[in-house]
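Chemist: Hey, can you work out the whole structure from these sequences and the hints?
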Amino acid sequence: MRGQPSLCDVLTPRSLDEALSLRAACPEARPLAGGTDLMVPFAAGRLPDRLFLNLWGLEELRGITVSEDEVTLGALTLFREVAAHPLLQREFPNLVRSAKVTGALAIQSRGSLGGNIANGSPAADTPPSLLAYGADLELSSLRGARWVPYAGFHTGYKCSLLASDELITRIRLSRSREGGFHYFRKVGTRQAQAIAKVSLAAWGRVAGGRLQELRLALGSVAPMPIRATGTEGILLGQPVTELPFEAAHQALQADISPIDDLRSSARFRRRVAGNLLLEMLRGLGPA
Amino acid sequence: MSSPKILLKLTVNGESRQALVHPMARLLDVIREDLGLTGTKEGCGEGECGACSVILDGSLVNACLIPAIQVQGASLRTVEGLAGTDLSPLQEAFLHHGGAQCGFCTPGMLVAGTHLLEMEAVHDEAGAREGLAGNLCRCTGYVKIVDALLAAGEGRP
Ligand SMILES: Cc1cc2nc3c(=O)[nH]c(=O)nc-3n(C[C@H](O)[C@H](O)[C@H](O)COP(=O)(O)OP(=O)(O)OC[C@H]3O[C@@H](n4cnc5c(N)ncnc54)[C@H](O)[C@@H]3O)c2cc1C
Ligand code: FES
Ligand code: FES
Numbered sequence: 001m002r003g004q005p006s007l008c009d010v011l012t013p014r015s016l017d018e019a020l021s022l023r024a025a026c027p028e029a030r031p032l033a034g035g036t037d038l039m040v041p042f043a044a045g046r047l048p049d050r051l052f053l054n055l056w057g058l059e060e061l062r063g064i065t066v067s068e069d070e071v072t073l074g075a076l077t078l079f080r081e082v083a084a085h086p087l088l089q090r091e092f093p094n095l096v097r098s099a100k101v102t103g104a105l106a107i108q109s110r111g112s113l114g115g116n117i118a119n120g121s122p123a124a125d126t127p128p129s130l131l132a133y134g135a136d137l138e139l140s141s142l143r144g145a146r147w148v149p150y151a152g153f154h155t156g157y158k159c160s161l162l163a164s165d166e167l168i169t170r171i172r173l174s175r176s177r178e179g180g181f182h183y184f185r186k187v188g189t190r191q192a193q194a195i196a197k198v199s200l201a202a203w204g205r206v207a208g209g210r211l212q213e214l215r216l217a218l219g220s221v222a223p224m225p226i227r228a229t230g231t232e233g234i235l236l237g238q239p240v241t242e243l244p245f246e247a248a249h250q251a252l253q254a255d256i257s258p259i260d261d262l263r264s265s266a267r268f269r270r271r272v273a274g275n276l277l278l279e280m281l282r283g284l285g286p287a
Numbered sequence: 288m289s290s291p292k293i294l295l296k297l298t299v300n301g302e303s304r305q306a307l308v309h310p311m312a313r314l315l316d317v318i319r320e321d322l323g324l325t326g327t328k329e330g331c332g333e334g335e336c337g338a339c340s341v342i343l344d345g346s347l348v349n350a351c352l353i354p355a356i357q358v359q360g361a362s363l364r365t366v367e368g369l370a371g372t373d374l375s376p377l378q379e380a381f382l383h384h385g386g387a388q389c390g391f392c393t394p395g396m397l398v399a400g401t402h403l404l405e406m407e408a409v410h411d412e413a414g415a416r417e418g419l420a421g422n423l424c425r426c427t428g429y430v431k432i433v434d435a436l437l438a439a440g441e442g443r444p
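If you read the protein sequences in the order shown, they are chains A and B. Going by this note's numbering, the first residue of the first sequence is number 1, and it counts up by one from there. Going by this note's numbering, the first residue of the second sequence is number 288, and it counts up by one from there.
Hints were generated in silico from the structure; no laboratory data involved. Please note: incorrect hints may appear among the correct ones.
Derived pair list, reagent style EDC-like, types lysine to aspartate or glutamate, alpha-carbon separation capped at 16 Å [what the hints assert, rightly or not]:
| # | chain 1 | residue 1 | chain 2 | residue 2 |
| --- | --- | --- | --- | --- |
| 1 | B | 292 | B | 316 |
| 2 | A | 100 | A | 81 |
| 3 | A | 100 | B | 417 |
| 4 | B | 296 | B | 344 |
| 5 | B | 292 | A | 81 |
| 6 | B | 431 | B | 412 |
Remember, it's a predicted structure, so these values are computed and weren't measured experimentally.
Modeler: Rendered as structure tokens:
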């Protein structure tokens with residue numbers, strides 16, 4: 001290992017309040033949740049941080065709470081817990097499927113939703129599902145807690161609304177998904193342990209033969225996980241028997257801005273994103 | 288300047304153990320260097336290969352990705368803890384089916400396989416393969432490893 005544990009120290013708060021005080025007093029302390037993102041560059045000696053804020057033991061950040069209208073997940077909710085939750089399996093299948101394709105079992109036992117979001121990778125697996133379900137995030141600091149729509153959270157490549165004294169504390173999903181449809185597909189090199197080349201998650205509702213609600217989100221096709229709002233606009237209100245496939249496909253190409261990198265090419269990503277959209281739309285038409 | 292060390296107290300394979308380590312030391316290095324248990328291997332050091340698989344408070348984890356500070360007071364099982372006076376049924380099945388060649392992945396495969404059997408997650412070949420998806424083997428082509436896991440799951444040699 002090239003990382004230098006002997007030069008690093010860790011602050012371990014016993015409560016969320018203490019964590020927020022430490023966050024305000026030492027903004028240079030890097031929050032550390034399950035470590036499945038951070039420990040890789042740390043061990044390789046590529047992480048500049050020398051001080052860490054250990055969130056792992058904070059009970060306030062754990063747990064999945066269900067009320068009549070909402071499901072609230074602590075930022076430290078693990079992929080394994082999402083995958084095993086019966087209500088999430090029933091009502092938020094995209095989130096469950098995206099958790100199940102994140103890494104393999106040992107990563108799912110340790111990786112958290114808050115870490116997946118905060119890490120800000122454009123290729124992260126749960127963000128498109130969270131965007132498709134219209135999630136909100138709770139950001140907390142000593143100044144108080146604020147809820148923000150997740151759709152506006154990422155502001156650019158590895159940039160977000162999170163202030164230097166804030167932590168992501170909770171994720172909220174609103175229920176009432178009856179009659180809705182769910183679509184999720186991740187395309188990678190292999191099923192387990194592979195970072196997405198493209199992923200697409202959608203949630204929508206058809207009523208009176210028309211597409212009345214639709215949220216369409218993608219990973220690995222822009223500097224951050226994105227909603228394809230132009231495409232949504234073309235499709236909303238259209239009769240499901242005559243969906244404008246061609247116009248939607250074109251709008252999607254304008255919504256995304258993929259690049260060539262070591263995992264794939266921009267051309268491949270455009271093509272696959274388009275194919276996933278068409279697959280999703282075909283699933284909506286008459287059987 | 289060196290950071291202060293912590294006195295780490297762990298239950299390892301049922302025994303109380305202690306080690307004086309840096310808080311960001313990797314659990315993998317604590318196990319191999321401070322506890323002297325070298326069955327747990329380092330393949331990639333980045334969570335991809337599963338050679339460092341251990342069972343931490345009942346969860347399967349990669350020891351290369353966990354800092355020491357996060358395992359204070361935890362209960363740990365490594366490959367050294369799988370056999371009693373006799374080999375475990377999974378270890379016997381690995382011998383019987385030829386599940387090891389060079390053997391480097393074997394401790395991780397045995398630990399992950401043991402966890403899957405204890406979770407009752409091995410029902411068929413697809414389940415066995417999915418459960419072992421985080422454990423890479425460069426030698427066997429996986430068939431004999433999967434055969435061994437399925438055999439142990441069905442309680443046959
Ligand atoms: C082998 C391997 C395979 C992987 N496969 C996938 C995959 O298929 N799909 C995928 O999406 N990801 C994958 N990952 C990445 C990683 O597992 C996930 O991003 C995971 O969700 C990170 O969560 P964590 O709790 O481990 O975060 P950590 O590593 O602890 O932290 C990640 C980042 O988030 C910050 N952070 C954590 N929690 C908070 C908080 N509450 N508030 C503010 N900031 C916070 C940290 O400071 C850090 O910047 C993989 C990683 C490995 C090693
Ligand atoms: S050494 Fe830990 S997963 Fe490869
Ligand atoms: S037996 Fe050699 S890596 Fe698996």
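Chemist: Each hint should be assessed against the structure and marked as holding or not.
Modeler: Each hint tested on the structure:
1. At most 16 Å may separate the alpha-carbon atoms for a hinted pair to count; residue 292 (chain B) and residue 316 (chain B) meet this at roughly 14 Å.
2. A hinted pair counts as satisfied when its Cα atoms are at most 16 Å apart, and residue 100 (chain A) with residue 81 (chain A) qualifies at roughly 10 Å.
3. Between residue 100 (chain A) and residue 417 (chain B), the direct Cα distance comes to roughly 10 Å. Compliance with the 16 Å bound is thereby established for this hinted pair.
4. Under the criterion of a C-alpha separation no larger than 16 Å, the hint pairing residue 296 (chain B) with residue 344 (chain B) is consistent with the structure, at around 14 Å.
5. Pair hint residue 292 (chain B) plus residue 81 (chain A) does not hold up; C-alpha atoms about 33 Å apart against a cutoff of 16 Å.
6. About 12 Å separates the Cα atoms of residue 431 (chain B) and residue 412 (chain B), which keeps this hinted pair within 16 Å; it holds.
Hint compliance for this structure: hint 5 is the single one not met.
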